[in-house]
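With the hints as extra help, turn the sequences into a complete structure.
Protein chains in written order, with our numbering: chain A, 482 to 696; chain B, 26 to 151.
Hints may be right or wrong, so weigh each one.
What the hints assert, rightly or not - Chain B regions said to be covered by chain A (calculated; three or more residues, Cβ under 8 Å): (1) 94-101; (2) 111-118; (3) 131-140; (4) 143-150.
It should be emphasised that the hints constitute simulated quantities derived from the structure, not laboratory data.
All C-beta atoms, glycine included, are put in the ideal place defined by N, C-alpha and C.
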Amino acid sequence: MWQQLFDGLKNEEFMIVAIAEESRGADHARQWIEQAAAQYWCLIDTEHRVADLYGMVNVPQAVWIDAAGRIVRPPENAGSTDHFRLMDRTTRTLAPEHQAARLAARTAYLDAVRDWVLTGRHALPADAATGRMPRVTPEIALAQAHFRLGVWLRRHGNAAEGDAHLAEASRLHPDSWNMWRQAADLDAVGNASGEAFWQRVQALGERPYYPAPEL
Amino acid sequence: MATVLSDQGAMTLAATNGLWLSADDAERATGWVLKPEGMCRDDVCVPLPVREGRVDAAAFWRLLDRPVVSDAAGETWVLGAGAAQRNAALAGLMAPDFTLPDLAGTPHTLSSLRGKQVFLCTWASW
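Next up, the structure:
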């Protein structure tokens, strides 16, 4: 979907930087990147460094950066919606009206990005951008350290100890779906959207999984 | 030998007794320089005991109130960024810089895109 956005803005001073938060490494991202025939930057972030630097907690999240390198929209959900929570999990289908609403939300977000590139609209003034910035707590900072160590240990053949650090990271930073789901995926591909994931989503209750971007 | 993971990167260093490092290695791992006043960066110096030319990088990091975690064997250490450090960077609104590889392994640095508007987005296969 980002290639289409990029195609429409080829004549602008604009770049998309798509970060794969992928601790299993490049080969697990390859098929999606090749399928997208992406002409923008597609980078592999095995340690979730970008999420750490920007205080991101889920995918997809996006940050808008102006030509001077300033953040004009802090991390926000990049147009996804919670309609997946209404999915029939046995047939894995979503009612047509929910599919349509989901598509409309995604389109509206991509339209906003396009609008920003062409007209500057939707860029937040500095005080509003600062106000929306995620707050990093000491627990989150410690969680990032455990997560990095856990990924490293797993990659170097010490899964048991690595998993303990990944679990500690999620305990310290329970709002990070990235940490929890990446750890589940490292345990076994597919586990990130298994039964435990759905239970965790259900435990959100009224809280959104994908908070709507405030455009 | 110990592997150290920090904002400076990943490196293997000759550590003793935990994470006691030579001045040069301590600088590589932390970005701070050992001077007579202590470990220094910009205008700030933090006094630190020096033994036979070596400093305890883990103790130094804790003095800075930044996270230190290691594996049980003491072979791999993470000197993490502190909450205050991350918050200050974000409050300044300048996009934190990073260098990451593409599928072919070629590194790309965000700040090299200065002059362009950038839509930085994340995704995952999981």
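The hints, checked one at a time:
{"no.": "1", "hint": "94-101", "in the structure": "holds (count 5)"}
{"no.": "2", "hint": "111-118", "in the structure": "holds (count 6)"}
{"no.": "3", "hint": "131-140", "in the structure": "holds (count 6)"}
{"no.": "4", "hint": "143-150", "in the structure": "holds (count 8)"}
The structure meets every hint from the earlier list without exception.
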